[in-house]
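Asker: One line per chain: the protein sequences are D and G, in this order. The first sequence begins at 1 in my numbering and counts up by one. The second sequence begins at 1 in my numbering and counts up by one.
By construction, these hints were calculated from the structure, which means they are not laboratory data. A few of these clues could be false.
Which copy is meant is left open, so a pair is good if it fits within one copy or across any two.
Claimed, not checked - Listed below are the simulated DSS-like cross-link pairs for lysine-lysine, each with C-alpha atoms no more than 30 Å apart in a straight line:
| id | residue 1 | residue 2 |
| --- | --- | --- |
| 1 | Lys151 | Lys280 |
| 2 | Lys125 | Lys332 |
| 3 | Lys263 | Lys125 |
| 4 | Lys145 | Lys332 |
| 5 | Lys394 | Lys75 |
| 6 | Lys144 | Lys280 |
| 7 | Lys144 | Lys10 |
| 8 | Lys106 | Lys10 |
| 9 | Lys336 | Lys238 |
| 10 | Lys239 | Lys271 |
| 11 | Lys145 | Lys20 |
| 12 | Lys239 | Lys24 |
| 13 | Lys28 | Lys106 |
| 14 | Lys327 | Lys113 |
| 15 | Lys125 | Lys20 |
| 16 | Lys106 | Lys128 |
| 17 | Lys10 | Lys128 |
| 18 | Lys332 | Lys387 |
| 19 | Lys263 | Lys75 |
| 20 | Lys327 | Lys28 |
| 21 | Lys28 | Lys152 |
| 22 | Lys280 | Lys128 |
| 23 | Lys145 | Lys280 |
| 24 | Lys10 | Lys75 |
| 25 | Lys79 | Lys332 |
There are 2 protein chains.
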Amino acid sequence: MTVEIEEAVKLLCENVDEIKRTVKAGLKDGLGYVLAEDICAVYDQPPFNRSPLDGYAVIGEDTAGSSFEDPTVLKVMGKVYAGGYFDGTVTSGSAVRIMTGAPVPKGANAVIKQEDTDSGEDFVKIYKSVSPWQNYCYAGEDYKKGEVIVKKGTYINAGTMAVLSSAGITEVTVYEKPRVAVISTGDEVIPPGQPLMPGKIYDSNQTYINSRLTELGVPAFYLEHIEDNAEKMAKTIKKLSGRADFIITTGAVSVGEKDIMHKVACLLGAKELFQRVNIKPGSPTFAFVYDNTPVLALSGNPYGAIANFEILGREVLAKLCQNSGIKMRKVKAELKNTLKMKEGKSARRFLRGRMEEAGVYINEGNHSSGAVSSMLGADCLIEMPQKAPCDLSKVIVNVYEI
Amino acid sequence: MTVEIEEAVKLLCENVDEIKRTVKAGLKDGLGYVLAEDICAVYDQPPFNRSPLDGYAVIGEDTAGSSFEDPTVLKVMGKVYAGGYFDGTVTSGSAVRIMTGAPVPKGANAVIKQEDTDSGEDFVKIYKSVSPWQNYCYAGEDYKKGEVIVKKGTYINAGTMAVLSSAGITEVTVYEKPRVAVISTGDEVIPPGQPLMPGKIYDSNQTYINSRLTELGVPAFYLEHIEDNAEKMAKTIKKLSGRADFIITTGAVSVGEKDIMHKVACLLGAKELFQRVNIKPGSPTFAFVYDNTPVLALSGNPYGAIANFEILGREVLAKLCQNSGIKMRKVKAELKNTLKMKEGKSARRFLRGRMEEAGVYINEGNHSSGAVSSMLGADCLIEMPQKAPCDLSKVIVNVYEI
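Looking at chain D on its own, in the form it has when it is part of the complex (with noise of 0.2 Å):
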């Protein structure tokens, strides 16, 4: 059965938990992580009223009507530094010399800038006038103690780091991250450093998907080369059920004698989600269900596991994650070139792109989906008109950034 692309993304969501395991971990290790708690926050930030800026914590309305001509004088009472405390009160008529982050003495309602005025040390003449409440930053004015400032589920990148350091957090508990395994197949594929025999290649598939993996911020927690041999898989499958949260193979898909991985779901007695999609590059990308363990069995071809991997794997692995930031991010972008299509074409296809300011280009090379070369240099996979104009350039498209 072929399926749409947006139905195979259905059917293995729908397959897939969320991770619901979590572990506790020093702020500084939960960068990456989601967050599976909310986190409140134990003081006001920021926990005292602050000088937004260098120079005079005063009471607003006695600088009312002062002018560099018609200076207002008032008596410097002490100076308070950020990371200080200045522990009087100001009156009527005093003021505190204050630094950036202080805090504002009681009594005060203002800050004067420091430019505004002579700077006296123990007498200062104010230039200008300042409003109560004028650069004057409240306790509590960024967040406020008890609110809820982090919501369980938020994705710990490094703005919400940052949040968590300024409320004093040391300690988050998160969700771990899914275990996934990828497993290649193929009796030609043999690893970098083995001398190519004859009919051999050398792998890419498992290269670019633990790469990309690990860029996704998911490193693969085990890596196999299995030669075509369905019984082997299938232990191999069983062996990871129950320890793996999402299995990806590459290879062994098509209808040849020695793909095996439609049978490697039955020797199993999986549930097939689907057998191929109406994709190009990666049609005969197949899925099933083991022991409530996805498997992802991408093509062989270079080009068509990658594809699949982007659009299907990552939507299965922001899933597991809770983070939908794994998902590709689609844009739309003008075409700024072209590429002779065949006609009558009516799988949807996808080309290795470029985005840059003006619109998105195809890229050079080889696009067949057993090259692999094009991608060097792709950032996007760019989805191409179904019914193509005579002339491609300048037409709008969905653009996927990988």
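Mind docking chain G on chain D? Use the hints.
Answerer: Frame of chain D, contents of chain G only:
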């Protein structure tokens, strides 16, 4: 001296040298590095004429005029699987059963799809004609032996890894990553985990920049917090020069008494690049070079530090790494909501926002440069139009992805 953003970038980049130190790495460890050598193909890719599908290797001319009603019958001389090799020669009237990825036997010049035959074992009925060189992947079609397949200076992402792996490469010479030191200042700043005494706040700047460096693939090699002590800071920078490729500090760049960074530059006799940038937030961003080491002194205001790290710091990192992918990516998008802006601001203003398919949204919450919580969910900086129309929504703005 206040400079425009572009001038600040130019001054920084002119005073930063690309890192030329190289290191040999196993291919697996090369991910995320920049290649310091041209990589040539040692073999053709594919290394042999290859079948792109499951079927029969034939002489195309033999199949001319074949149809279901009037099939051509060919003698099947043998079978070749991917990874195998057929040692005979296909002659007129004969065929070899062939699987996807297998070498096309000598003599054959095309492959007929299995679906267009009766899948016969000793003799096969061919139901459709196939032209010579149809379904035939030439050796070297992807890339040829001796060709430079990946150029020096290429960033090694998963796509590059796939190409290198397909070529059997096991080791690469890459540029070392820059050694970046991050030093936060501020007597008021304490690390999470310490009790919050009056006047103190928890660090968020060092956490943000350290996390961001990790996200950008250039983890910090040195982290420190220094109190507002110019001599101590100068001594630390002296100690780091020659070891660090780039020093980023936060805080102490304004006009207050404890704003030590300008004094530090004096003490070191460093070459000042600029003292302020025409940007909001973080205009007091200051930069100098000491002993060939660039120092970017960011604002202590969290959002001031964040925005200028993204806008200026990443340019320095990109130059050091020879990887333009580290720079912020600029796109244009429609602003979908609005924010009341004060009149008469001449500085270029950047707001925290989030990109969606339809356009870009200014984040909710407190946008003051001292506020950190509006970083939550932000994935871009939005450059606000300098002369704001009354209704900002639907205006096309420059957006910088973070």
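Asker: With reference to the structure, classify each hint as holding or not holding.
Answerer: Taking the hints in turn, this is what the structure says about them:
no. : hint            : result
1   : Lys151 / Lys280 : between (40 Å within a copy, 29 Å between copies)
2   : Lys125 / Lys332 : neither (58 Å within a copy, 48 Å between copies)
3   : Lys263 / Lys125 : between (88 Å within a copy, 26 Å between copies)
4   : Lys145 / Lys332 : neither (42 Å within a copy, 38 Å between copies)
5   : Lys394 / Lys75  : neither (69 Å within a copy, 51 Å between copies)
6   : Lys144 / Lys280 : between (52 Å within a copy, 25 Å between copies)
7   : Lys144 / Lys10  : neither (40 Å within a copy, 41 Å between copies)
8   : Lys106 / Lys10  : neither (60 Å within a copy, 46 Å between copies)
9   : Lys336 / Lys238 : neither (48 Å within a copy, 50 Å between copies)
10  : Lys239 / Lys271 : within (17 Å within a copy, 63 Å between copies)
11  : Lys145 / Lys20  : within (28 Å within a copy, 50 Å between copies)
12  : Lys239 / Lys24  : within (28 Å within a copy, 37 Å between copies)
13  : Lys28 / Lys106  : neither (37 Å within a copy, 60 Å between copies)
14  : Lys327 / Lys113 : neither (48 Å within a copy, 35 Å between copies)
15  : Lys125 / Lys20  : neither (63 Å within a copy, 55 Å between copies)
16  : Lys106 / Lys128 : within (22 Å within a copy, 93 Å between copies)
17  : Lys10 / Lys128  : neither (64 Å within a copy, 37 Å between copies)
18  : Lys332 / Lys387 : both (18 Å within a copy, 28 Å between copies)
19  : Lys263 / Lys75  : between (89 Å within a copy, 29 Å between copies)
20  : Lys327 / Lys28  : both (25 Å within a copy, 24 Å between copies)
21  : Lys28 / Lys152  : within (18 Å within a copy, 34 Å between copies)
22  : Lys280 / Lys128 : between (69 Å within a copy, 23 Å between copies)
23  : Lys145 / Lys280 : between (54 Å within a copy, 28 Å between copies)
24  : Lys10 / Lys75   : neither (71 Å within a copy, 46 Å between copies)
25  : Lys79 / Lys332  : neither (56 Å within a copy, 47 Å between copies)
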